[in-house]
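Asker: Let's have the full structure, built from the sequences with the hints guiding it.
Residues per chain, in single letters:
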Amino acid sequence: MNWEILGIWLGAIVTLCLYSFLYRDNPFYKFVEHLFVGMSAGYWVIYNIENVLIPNWWQNMFPPEGGFNGIWIIPGVFALFMIARILPKTASLSRLSLGMIVGVGAGLNMVSFFQTNALAQVKGTIFSLASGGVWSIFSSLVLVVGVVSGLVYFFFSKAHTGVVGRTANVGITILMVAFGASFGYTIMARLSLLIGRFQFLLEDWLPTIPRLLGLGG
Amino acid sequence: MRLVIPLAITFTAGMIMILNFFVPHQPFKFLGENLQEWYMIVASGAIFLGVMNLMHVHSRKIRLKQKNWKYSPVTIIGFLLMLVTGLIYGVAENMPFDYLFMNMVAPMSATMFSLLAFFVASAAFRAFRASNWRATLLLTSAFLVMLGQVPIGAMIWDKIPLAKVWLMSIPNTAGQRAVMIGAAMGVVSTSLRMIFGIERSWLGGAD
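Chains as they are written, first to last, in this note's numbering: chain A, 1 to 217; chain B, 1 to 207.
None of these hints come from the bench; they were simulated from the model.
By construction, the Cβ of each residue, glycine as well, lies at the ideal position given by its N, Cα and C atoms.
What you were told as hints is all true, and nothing was included just to trick you.
Residues from chain B that face chain A, not an exhaustive set, calculated with beta carbons under 8 Å:
(1) P6
(2) M15
(3) W38
(4) L81
(5) M102
(6) N103
(7) L137
(8) R177
With a straight-line Cα cutoff of 20 Å, these simulated EDC-like cross-link-like pairs (lysine to aspartate or glutamate) come out:
(9) B/K67 to A/D25
(10) B/K70 to A/D25
(11) B/K70 to A/E33
(12) B/K65 to A/E33
(13) B/K61 to A/E33
(14) B/K67 to A/E33
A few chain B residues that face chain A, going by a derived Cβ cut-off under 7 Å, partial list only:
(15) L83
(16) V91
(17) G182
(18) V187
Answerer: In structure tokens, the structure reads:
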């Protein structure tokens, strides 16, 4: 058995163990579930070291051209403060790190969300009205009416009665169609993953069995 | 003081990021760019904290022989396996870390998510009951999208894939946009509340 076939078998065994949950909870599933948690944690630690700490911290503190940049000790100390939360005596230090994360996150998200998720979407909705034939104009109208009525539905500072109530009802209708479409799309995405796993089992793993038994290939 | 210093750090960091956006010149540009990198470094501390907590929970489970403690060594060994191979051999292709990721972590991850197909399908069966006309709309829209995604949809009627594209690009976009714009307003107001120290729940509520 070479490394490639061993890899295929490892993948097949963990796949089958996880699918055994479809029958009911069992020790094989629990074993692989715990293995998945541990290996994923290990993967993310290494990923973090390789892709965040080395390029963004270590190489800034000790540049490849030589020297030492002392200012980069500060984020390292803040990261240590975050880890200090593990001990009750030093847990309050982590508030300083959290303060920084919350501040940068809030400042960054405030402007970026407003630009991409509010202004850009409003602009996209307004400009959709500008072009096309009859069908395109109808679609654009559905889009504009859908966005406006959806926003009215989410506006809770005014009672949903009269014109506001009727507009909110249109909003609910558009949202139901939207959620249905998203739900259908999600199901198909999960199914494509399922098909991928079955393709792996049938096309990659099963052919290795006769090869291992010396029956062909 | 235990509250004032974290709140002062939040205010300073938040204001630097906002000023960096509106005044992209020195010193805000330098401070903003550096703070973004610092943010990633400090946030990576949270990953280490999470992993240490995971190891602490499982080692305590083993020590106290709590329910299902026999599986806890599997988590610890799995973690150490990835950590040791990553640290010793690196993450290059065809190295042990990459081999374990490609042949174990990736299949386990894909299988876990594909398992959800069964649970989503069972939830769909319950959710898609045509109890009123709006539920019927949800059902029809989901059914058309699912049918338009597979070849049999086009075999039944060649307009079904077009209907799926229209549903995804018009009503779905309208609904998602309404949600996105509403959420963006929420993010802006919550961010301002955090920067100005009005929202303090992230401090844990103590003191």
